[in-house]
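Residue numbers for the sequence shown follow the working numbering, beginning at 79 and rising by one.
Do not rely on the hints blindly, as some may be mistaken.
Label pairs and their in silico Cβ distance ranges [unchecked claim]:
#1 Trp138 <-> Gly536: 34 to 40 Å
#2 Arg188 <-> Ser456: 40 to 46 Å
#3 Leu142 <-> Ala284: 44 to 50 Å
#4 Arg457 <-> Val377: 45 to 51 Å
#5 Gly229 <-> Ala120: 57 to 63 Å
#6 Ser591 <-> Trp280: 29 to 35 Å
#7 Ala442 <-> Arg361: 30 to 36 Å
#8 Tyr493 <-> Phe189: 45 to 51 Å
#9 Ala140 <-> Arg216: 23 to 29 Å
No wet-lab data here; the hints were simulated from the structure.
Predicted model, so just to flag it, every value in this text is computed and none were measured.
Every residue gets a Cβ at the ideal spot worked out from N, C-alpha and C, and that includes glycine.
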Amino acid sequence: MDRAASLALRRGLRGRPKVRSAAAARGRAPWPLAAVAVLTAAAVNLPLVYIFARAAEGGWSAYLAWVGSARTLELLLRTLALAAGVTALALAVAVPMAWLVSRTDLPGRRFWAVVGALPLVFPSYVAAFTLVAALGPRGYLQAWLAPLGVGSLPGLVYGYSGAVLVLGLFTYPYIYLLLVAALRDLDPALEESSRSLGVGRWRTFARVVLPQLRPALYGGSLLVVLYALSDFGGVSIVRYNTFTLAIYNAYRGLFDRSVAAALATALVLTALVFIALEAVLLRSARPGRRRAARPAAVVPLGRWKRPAVAALALLAGLNVALPAGVIAYWGVRALWVGNPLGGVWLAAGRSLSASAVAALAAVALAVPVALWAVRHPSRPARVVERLSHAGYALPGIVIALALVFFATRLARPLYQTLALLVAAYVVRFLPEALAATRASLLAVAPVFEEAARSLGRGPLAVLGTLTLPLIRPGLAAGAGLVFLTAMKELPATLILRPTGFETLATTIWSAASEGIYSQAALPGLLLLLASGVPVYLLIIRPALAPRGTPPATMTD
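The whole structure should be built from the sequences, with the hints applied where relevant.
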């Protein structure tokens, strides 16, 4: 590969624009490509449009009455309080951890950098039931303290405190990984200038470093907020009522599902407000000088070295070792007492098959959208690409509810079929495949495809024999991300699965919500094993790659 192509590869995987040839910049997209991309964007936005239409079927007065009711206001305040608490805890953990592994002489920095990101492996419902089993009023800790006269522990793992603890401790990596990358790439010249003027280290961090980290802080915090707004499994197990739980109960328990639709629109509007707020904050943030020629100087921890290691070890014990140990203990116990494995393997096979089909479908739909946006850039292409990301802002329960309403009214044969479940996965996680595909296309200089066309190859031949093989790593990464997230998706699976179609996620949730941890452990262990390697290869390793190694799958 020549020097220009190598430069294009490095910049493309970073998601940066590159100089294209005039022919590639002016060329119009073939109409079949544009048509497929437009249809994909329309299908992704169909649930959003349909859920609002369904909510307003009873008239705007009835809709406004439900949305403006005291019950809805209470749910909104509870959900906002949860999002605020989770984000505060995630920031309190992520910021010092990112600084320790990026800028200090912490012993075993690489080890702690990886361990700090491992909570991404645990779905919220798995994390919730393991913490309840260990730290609940009648959990393992209480059993160990019983000889000392401790009859019961406070129920801190239930309600608001439990929801904040579960979601905060297992979502902070969304902020942490972005901060590690940002700290790694910041030019240390500004910090050195501040220090040379006599400003202390902490004031330099607060006044010089932290303002440059605002894009990473805002982006990571938005991911945490959206996760808190859309979480269903964790809050249901710790018994904290939010929008998602109220929507599910309204869908299952009420004959008139307009209530569920109205609550769903309120949740969507709340998420959109946070997305708009993050966009406003980003416009006011000044990006730091990036890609410095030299790394920042290592900060010696001195007498704080041992306390820092102890704090990281305590955190890792709480959000990695403890849940993994609880799952392993209950798994071994289940095998020891002879729990049948047939249902677990059947659920695993169903999870794998549904997630694999969704991954392939998402990649297939992402290719035309990415090709139009990258190879034939225009305003319509940009609009279609942005609309294709809409599903990521929608909670899974909202997408599932919209598809239920759509299928029961307009496509009855699709109701309670695997095809409808796969469609929900694709709508929800298409942006992951699209981001990876777009990054891979940006890494391939368009001159290769132009040369093939100049030799008489048609567009389809060029796509099949040249473009797709060149972007195969990105396609594989996108498929892997969709597969991973679809395996863990709970609310959409609960609502849309065919009758009797149990997956690992639904099996875990059903058993954990009833306190039958032995039945939740084995599917939980299989889910962790299935997701652990992809999480490390597709998310953790690229995000923590040394300087100069382009992360191929992380999105901005």
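Verification of the supplied hints:
no. : hint                          : verdict
1   : Trp138 <-> Gly536: 34 to 40 Å : violated (52 Å)
2   : Arg188 <-> Ser456: 40 to 46 Å : holds (44 Å)
3   : Leu142 <-> Ala284: 44 to 50 Å : holds (45 Å)
4   : Arg457 <-> Val377: 45 to 51 Å : holds (47 Å)
5   : Gly229 <-> Ala120: 57 to 63 Å : holds (59 Å)
6   : Ser591 <-> Trp280: 29 to 35 Å : violated (45 Å)
7   : Ala442 <-> Arg361: 30 to 36 Å : holds (35 Å)
8   : Tyr493 <-> Phe189: 45 to 51 Å : holds (49 Å)
9   : Ala140 <-> Arg216: 23 to 29 Å : violated (45 Å)
Against the hints set out earlier in the document, violations occur for numbers 1, 6 and 9.
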